[in-house]
Amino acid sequence: MSGEVWVYSESEAVASEVATAADDVAKGASAHVRMVDISSLRPTTRGSGARLLLKGPPSPEVSPAVAAEALARAARELAPLAILLGATRDGREAASRLAAKLGVGCMAEVAGLASDGQGMTGERDVFAGKVVAKVRCRFPAVATVKVGAYPRAVAQPADAQEKDVGPIPDQTKTLGREKKQAGSVDLRSAKVIVSAGRGVKKKEDLAILAELATAMRGALGCSRPLSSDLGWLPEEHHIGLTGVTVKPDLYLAVGISGQLQHVAGMKDSKIVASINTDKDAPIFQASDYGIVGDLYQVVPALRRALAARR
Amino acid sequence: MAGLDIGYLAAYAISLASVVVVAFVTLSLARKWSISLGPGRVAGLGRDEARRLRTGDAVFLMHLSIALGVGVTIVDAVIAPAMAGVPLLLDLFRAASVPLIVGLVVAFGWRVQRYYQSRRVGRGLGVPGGFASASTALQLVLMAAIALTTSELVLLWVPTLGWADLILDAVRNALVAAYYARPSVNLIAKFDRPLNSVSTPFNLADVIAGKTDPGAIRAGVGKVSEFSPDQSLSFDSCVEIGACEASCPATAAGRPLSPRVLVRKLSLLSRADGGGSDVLTSVGEDELWSCTSCGACVASCPVSVKHLDLIYDLRRELVSKGRLDREKSAMLANLAQSQNPYGFKNAARASWAEGMDVDTLQSNPKTEYLYWVGCVSSFDQRAQRVARALSKILKHAGVSFAILGAEEMCVGDPARRLGEEGRYQELVLQNIEKLNSYGVKKILATCPHCFNALKNEYPQFGGKFEVVYHTQLISDLIREGKVSVPPDKVQRISVTLHDACYASRYNNIFEPPREMLEASVDDVREMGRRKEKTFCCGAGGSNYWFKVPQQKSIAGIRAEEAAGTGAKTIATECPFCLSMLDDATKVSGSGMDVRDVAEIVAECI
Ligand SMILES: Cc1cc2nc3c(=O)[nH]c(=O)nc-3n(C[C@H](O)[C@H](O)[C@H](O)COP(=O)(O)OP(=O)(O)OC[C@H]3O[C@@H](n4cnc5c(N)ncnc54)[C@H](O)[C@@H]3O)c2cc1C
Ligand code: SF4
Numbered sequence: 006m007s008g009e010v011w012v013y014s015e016s017e018a019v020a021s022e023v024a025t026a027a028d029d030v031a032k033g034a035s036a037h038v039r040m041v042d043i044s045s046l047r048p049t050t051r052g053s054g055a056r057l058l059l060k061g062p063p064s065p066e067v068s069p070a071v072a073a074e075a076l077a078r079a080a081r082e083l084a085p086l087a088i089l090l091g092a093t094r095d096g097r098e099a100a101s102r103l104a105a106k107l108g109v110g111c112m113a114e115v116a117g118l119a120s121d122g123q124g125m126t127g128e129r130d131v132f133a134g135k136v137v138a139k140v141r142c143r144f145p146a147v148a149t150v151k152v153g154a155y156p157r158a159v160a161q162p163a164d165a166q167e168k169d170v171g172p173i174p175d176q177t178k179t180l181g182r183e184k185k186q187a188g189s190v191d192l193r194s195a196k197v198i199v200s201a202g203r204g205v206k207k208k209e210d211l212a213i214l215a216e217l218a219t220a221m222r223g224a225l226g227c228s229r230p231l232s233s234d235l236g237w238l239p240e241e242h243h244i245g246l247t248g249v250t251v252k253p254d255l256y257l258a259v260g261i262s263g264q265l266q267h268v269a270g271m272k273d274s275k276i277v278a279s280i281n282t283d284k285d286a287p288i289f290q291a292s293d294y295g296i297v298g299d300l301y302q303v304v305p306a307l308r309r310a311l312a313a314r315r
Numbered sequence: 028m029a030g031l032d033i034g035y036l037a038a039y040a041i042s043l044a045s046v047v048v049v050a051f052v053t054l055s056l057a058r059k060w061s062i063s064l065g066p067g068r069v070a071g072l073g074r075d076e077a078r079r080l081r082t083g084d085a086v087f088l089m090h091l092s093i094a095l096g097v098g099v100t101i102v103d104a105v106i107a108p109a110m111a112g113v114p115l116l117l118d119l120f121r122a123a124s125v126p127l128i129v130g131l132v133v134a135f136g137w138r139v140q141r142y143y144q145s146r147r148v149g150r151g152l153g154v155p156g157g158f159a160s161a162s163t164a165l166q167l168v169l170m171a172a173i174a175l176t177t178s179e180l181v182l183l184w185v186p187t188l189g190w191a192d193l194i195l196d197a198v199r200n201a202l203v204a205a206y207y208a209r210p211s212v213n214l215i216a217k218f219d220r221p222l223n224s225v226s227t228p229f230n231l232a233d234v235i236a237g238k239t240d241p242g243a244i245r246a247g248v249g250k251v252s253e254f255s256p257d258q259s260l261s262f263d264s265c266v267e268i269g270a271c272e273a274s275c276p277a278t279a280a281g282r283p284l285s286p287r288v289l290v291r292k293l294s295l296l297s298r299a300d301g302g303g304s305d306v307l308t309s310v311g312e313d314e315l316w317s318c319t320s321c322g323a324c325v326a327s328c329p330v331s332v333k334h335l336d337l338i339y340d341l342r343r344e345l346v347s348k349g350r351l352d353r354e355k356s357a358m359l360a361n362l363a364q365s366q367n368p369y370g371f372k373n374a375a376r377a378s379w380a381e382g383m384d385v386d387t388l389q390s391n392p393k394t395e396y397l398y399w400v401g402c403v404s405s406f407d408q409r410a411q412r413v414a415r416a417l418s419k420i421l422k423h424a425g426v427s428f429a430i431l432g433a434e435e436m437c438v439g440d441p442a443r444r445l446g447e448e449g450r451y452q453e454l455v456l457q458n459i460e461k462l463n464s465y466g467v468k469k470i471l472a473t474c475p476h477c478f479n480a481l482k483n484e485y486p487q488f489g490g491k492f493e494v495v496y497h498t499q500l501i502s503d504l505i506r507e508g509k510v511s512v513p514p515d516k517v518q519r520i521s522v523t524l525h526d527a528c529y530a531s532r533y534n535n536i537f538e539p540p541r542e543m544l545e546a547s548v549d550d551v552r553e554m555g556r557r558k559e560k561t562f563c564c565g566a567g568g569s570n571y572w573f574k575v576p577q578q579k580s581i582a583g584i585r586a587e588e589a590a591g592t593g594a595k596t597i598a599t600e601c602p603f604c605l606s607m608l609d610d611a612t613k614v615s616g617s618g619m620d621v622r623d624v625a626e627i628v629a630e631c632i
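Protein chains in written order, with our numbering: chain A, 6 to 315; chain B, 28 to 632.
Any given hint might turn out to be false.
To be verified - Anything over 12 angstroms on all C-beta distances counts as not near chain A; from chain B, calculated:
hint, residue
1, Leu36
2, Gly71
3, Pro108
As the list claims (entries may be wrong) - Straight-line distance between alpha carbons at most 30 angstroms, and here's what the computed BS3-like set of lysine-lysine pairs gives:
hint, chain 1, residue 1, chain 2, residue 2
4, A, Lys139, B, Lys372
5, B, Lys491, B, Lys468
6, B, Lys348, A, Lys252
7, B, Lys595, A, Lys207
8, A, Lys196, A, Lys252
No lab work stands behind these hints, which were simulated from the structure alone. Since the model is a prediction, treat every value here as computed from it, not as a measurement. Glycine included, each C-beta is placed from N, C-alpha and C at the ideal position.
Work out the full structure: start from the sequences and follow the hints.
Given below as structure tokens:
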């Protein structure tokens, strides 16, 4: 059976990753990949295969709901085997809407895609990445591809086909955009977090930890008392049960005792290291590495060591 | 002779007519809701009122004065012709009027004070102008009813004013028929419904068995018109007494919730457009999340409004609409994936018992008690010490017990209080299956949330066990002499007990923790708000797992009250209270020590 595997993402970079995944699906199903774009101002140039430009929806903003409707209208007519989207925020929403509109299966956040002509299989992380589930979906199908799981496809000149799907009113309206306050952090995406606890004596002393965080290309977090009770840092820095849950590659807890409510928010970090004067502090039980010592000596020493390595 | 005076007869007829109107309205409301006003029910109410009388609750006494004041003046109006002939009767009425007048004057004062408070709360919450004026109107009408009743009682003492008296009477009775009949009927319907009963929108076991169509399940209420008749009777009975608002920890902490405002909003909404509009446009999400389910509102309401019934259904709506922030959905995801709200591995549950030689049911299924440890005492290092203290006491007294260890799961309470009934019942069914597979008969709990669920909620799902709270068992052991504290081991410390809502208000356990303290420390002090009037620590109603905008912390308010007794130690009986108050004393820097009553006793043996 021959058909098409469509690729769509609102982000061009993600679309080129999804295109690589689509190649794997197309191979097994002897299908062709087609890059889909919707009333775009930034035509997709990346990715292998042909292009399809869907005209009709209002430009330039294509909301997930509009994208799903446009794709659904085109798919009903052109009957692709599969439609792959990027597992971005918008992509997830568009995919679930699209699958529901078409009444077909949807695989969420998959990687390792393959196909046997009848359907496709993929792998998805479940239980916070502790288990990999193998999932299968019969064609026609929709899937979102895990971001970062595939290399970007090389750009190729492509033949573009246009299709008018008719006007699609957008139910949502953007009322305005506000910039986040300066100094705001996104701890959830930080690879390294240096986290400060009540072991820090004065607000001014946070500066040495902020410097350390910068030197390690990381972000500064804290235990709850520092933000909620002392107000030294904004609320969004506070990690734990009632704050942010983080999973960085390296979590450095400085002067944090490691109460359960804090640990609940960082226990899934890849590596946890801690600095504490109290050798019995519970944080050491949650740590891979621990330094029993005064943060006012250890942190400057770490800074010097880092500087020496550059 | 007055009795034949045509004017007098007419006046009497009008007076009687107004009494008949009151009776008619009350009876027809009762019939509308199929509520029995039979002698059994009324006698039951009488007994319950007598019980509340003994608690000496001021708001209750005021309301009893209003009810009796109205009753006495109605009887007076009916038997007025006989009064003239029997001076003794008049003396009797006059004697009865004195305490009632005092009660009514106090009630009037309370209402004036609440009126100012309600304005302040309303401004804090930013209630719309329409709501504020409706609220003011209702409060003024009821102040008028109280004033009229008071003056009628006073008039027993002065020579009759004839027509003026009659007009007072008729106006007052019209107000009673319009405003008091509904709350009275609500009171008669619900005075004996326990605080710990929670509505169950569906039964998961029936759904699994195919007896209930999953498509027909509706958990939550999106429009006021979807509330059950019983619930609408509840919110329509509110006469803005304000006892709920005065006792609510969420209101006290400046959170965006007042139980009075919430209930009245629902009532006004139901009248505004037949209750067809979306409740969640008038009731805020944080308003609903602010509630700690402490039950102070329900327990203090003189007319038995069940605020929590309404709040749970609205939370269920938020859950079914997915209106959950990251913390709440993370907690629910943890319950689904790890069967505990923290997201830790259950394999580590028994780590507190290492080196203590505590059996698991697997190794020893023949023990008398299953000790249900609960998630907090399983994972929280501070609360683990409570589990160790309890084990020490039980071993000392020779009580045979075992734990489930890695097989224990969350009891489900955090899911149910959040409004996730499905996940709650999933946990309940799994737990009951496990407990039955071991043939468990008696369960011992140190967490009042576990205790309450196991004791009062599990039976409905087929889990029938004898459930004991640790303070009950330990105080029994002390009384039986199986645990005794030698005089030289009595601790020379000053302690004040913080009653946990779910142990005290929900389950009437007041004396056991006090007996434990009496036996083990030499200076026990009481806080003003104690026993069934205890003030929440702020963790209940799933509030432990998320944060709500507030001006003060609830735990901070309570820790301050505890410090006010001059005691150096706060004794708790719940691992959540322990954690909240421990944190609050650290934040305030009061230096107070916070310990579970079991730890205090264990230190003495
Ligand atoms: C319902 C609830 C929810 C909560 N949620 C959260 C949450 O989400 N996140 C959170 O973090 N907390 C939370 N908490 C608070 C939590 O219980 C702890 O109180 C808090 O995490 C402790 O913060 P800390 O470790 O910074 O302070 P502390 O416990 O006071 O610890 C300070 C540590 O610093 C060490 N130290 C002191 N001086 C030095 C030095 N010179 N060098 C090195 N080390 C030093 C000490 O040995 C100590 O271990 C919550 C509490 C409750 C009750
Ligand atoms: S249960 Fe407690 S917190 Fe909730 S509304 Fe009632 S008094 Fe307030």
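Going back to the hint list, which numbers does this structure go against? none
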